[in-house]
Amino acid sequence: DAKTTQPTSMDCAEGRAANLPCNHSTISGNEYVYWYRQIHSQGPQYIIHGLKNNETNEMASLIITEDRKSSTLILPHATLRDTAVYYCIVIDTGTASKLTFGTGTRLQVTL
Amino acid sequence: GAVVSQHPSWVICKSGTSVKIECRSLDFQATTMFWYRQFPKQSLMLMATSNEGSKATYEQGVEKDKFLINHASLTLSTLTVTSAHPEDSSFYICSAIPGDGYTFGSGTRLTVV
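Chains as they are written, first to last, in the working numbering: chain A, 1 to 111; chain B, 1 to 113.
The following block holds chain B by itself, in its conformation from the complex (with noise of 0.2 angstroms):
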């Protein structure tokens, strides 16, 4: 089936660096993804939608200077978590159209110290 590659899976990095994040489709192109974020024993809560050049679209109470994303290719998609805190600490996930419904990437345990 179609596979959408995370990486890296998991990240510690200083208060006030900048961490990126990969997501890419294996085995197809995507025109669009999806960026989540999930806190501890919480559900995934959407983050933006990453269009294919063009912006991505946030959602509402999401700081679009704070994740920079960047969907320059059909198989990649990058959000960039700038200028770090701890409280930014959580597992982010993507996820793309292959077809027929949903793949989700592994996840990125990012915490920051």
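Pulled out of the complex, with its shape left as it was, chain A reads as follows (with noise of 0.2 angstroms):
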């Protein structure tokens, strides 16, 4: 699987849109970008995926670039409970392909 890049760490205020990027340029054509994000002491938390089109559900919007090197994951409204290590991860889904772990943006949502 390709490797990611993102930053350590961010802020963002009560109410805020929280933008975090993810660089993942080797990404190959039939690997899809991941997000997950890990609250303190639970196991990783699914949040959103997608190919190459943007992409939105009830937690968060996906924007990826049109040459798919990177993507931004949006959360438009933070609360504290979303406090947490995003991750972002390129899978090739058809394989059973083992996950590797960057080190992740731990997103601190403030007051």
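By construction, these hints were calculated from the structure, which means they are not laboratory data. These numbers were taken from a predicted model, which means no experiment stands behind them. Don't take every hint at face value.
Which residues of chain A face chain B? A partial, calculated answer using Cβ under 7 angstroms [said to hold, decoys possible]: (1) TYR34; (2) GLN42; (3) GLY43; (4) PRO44; (5) HIS49; (6) LYS98; (7) PHE101; (8) THR103.
Simulated DEER-style distance windows between Cβ atoms [claimed, not checked]: (9) HIS7/B <-> MET10/A: 26 to 36 angstroms; (10) SER106/B <-> THR79/A: 17 to 27 angstroms; (11) GLU87/B <-> SER41/A: 18 to 28 angstroms; (12) SER97/A <-> ALA72/B: 21 to 31 angstroms.
Just so you know, even glycine gets a beta-carbon here, dropped at the ideal spot from N, CA and C.
From the two separate chains plus the hints, produce the assembled complex.
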């Protein structure tokens, strides 16, 4: 699976949009972009995924650049409960391949 | 959605004893499960890939005789930490692939005293 690069940490005020970037310049054509988050002392939680089109669900929006070399996860109205480590991972879902977690982005939502 | 149940959520054991952690896929069959370990303020590190009906595949540097993995059915994989020592204290997480993407268990906090 391709490697990803994310900022180590970000802050966001409660109620504001949190935009978390991810670079995946070596992504291949059959790899999806997945986002997970991990709240302290819990297992990673699925947020959203996409191949090349932008995606939106009840939790977040995912914007993928046209060349697919980067993406942005958007939490439209961050709350304190969104404080977590966010992981961007590229996955070839056609194979049961192992995931490699990077360091992720530690998002701190503040009052 | 698909659920992976992990048990226990936390365990404290004495040095030298063994601890078993269970990972169950509740509403799907999992021929492959993954075991991760996470130390404080670090990312998840893959330990091994568990394959139903066959031997697990261990990552480099992970002792297969210390971390025994059994995947005897399509819904259950177990990780046994044998002769645990304080340095084995960590957060252990399993995951499986229900279809589209990966689902993770809630993790097991192991403390060896």
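Hint check:
Interface hint status for TYR34/A: upheld, as the beta-carbon distance to the closest one in chain B is roughly 6 angstroms, under 7 angstroms. A hinted interface residue such as GLN42/A counts as satisfied when its beta carbon comes closer than 7 angstroms to some beta carbon of chain B; here the least separation is about 6 angstroms, so the hint holds. Hint status for GLY43/A relative to chain B: holds, with the closest Cβ pair at about 4 angstroms, below 7 angstroms. Taken as an interface hint, PRO44/A checks out: its beta carbon lies about 5 angstroms from the nearest beta carbon of chain B, inside 7 angstroms.
The interface hint given for HIS49/A is met, as the beta carbon of that residue sits about 6 angstroms from the closest beta carbon of chain B, less than 7 angstroms. Interface hint status for LYS98/A: upheld, as the beta-carbon distance to the closest one in chain B is roughly 5 angstroms, under 7 angstroms. Evaluation of the PHE101/A hint against chain B yields a held restraint, the C-beta minimum of about 4 angstroms falling below 7 angstroms. Interface restraint check for THR103/A: the shortest CB-CB distance to chain B comes to about 5 angstroms, inside 7 angstroms, so the restraint holds.
Separation of HIS7/B from MET10/A is about 34 angstroms and conforms to the stated range, judged on CB atoms against 26 to 36 angstroms. At roughly 21 angstroms, the beta-carbon separation of SER106/B and THR79/A lies within the given 17 to 27 angstroms, and the hint holds. For the pair GLU87/B and SER41/A, the beta carbons lie near 19 angstroms from each other, so the given range of 18 to 28 angstroms is met. For SER97/A paired with ALA72/B, a C-beta distance near 23 angstroms keeps the hint of 21 to 31 angstroms intact.
Checked against the numbered hints above, the structure violates none of them.
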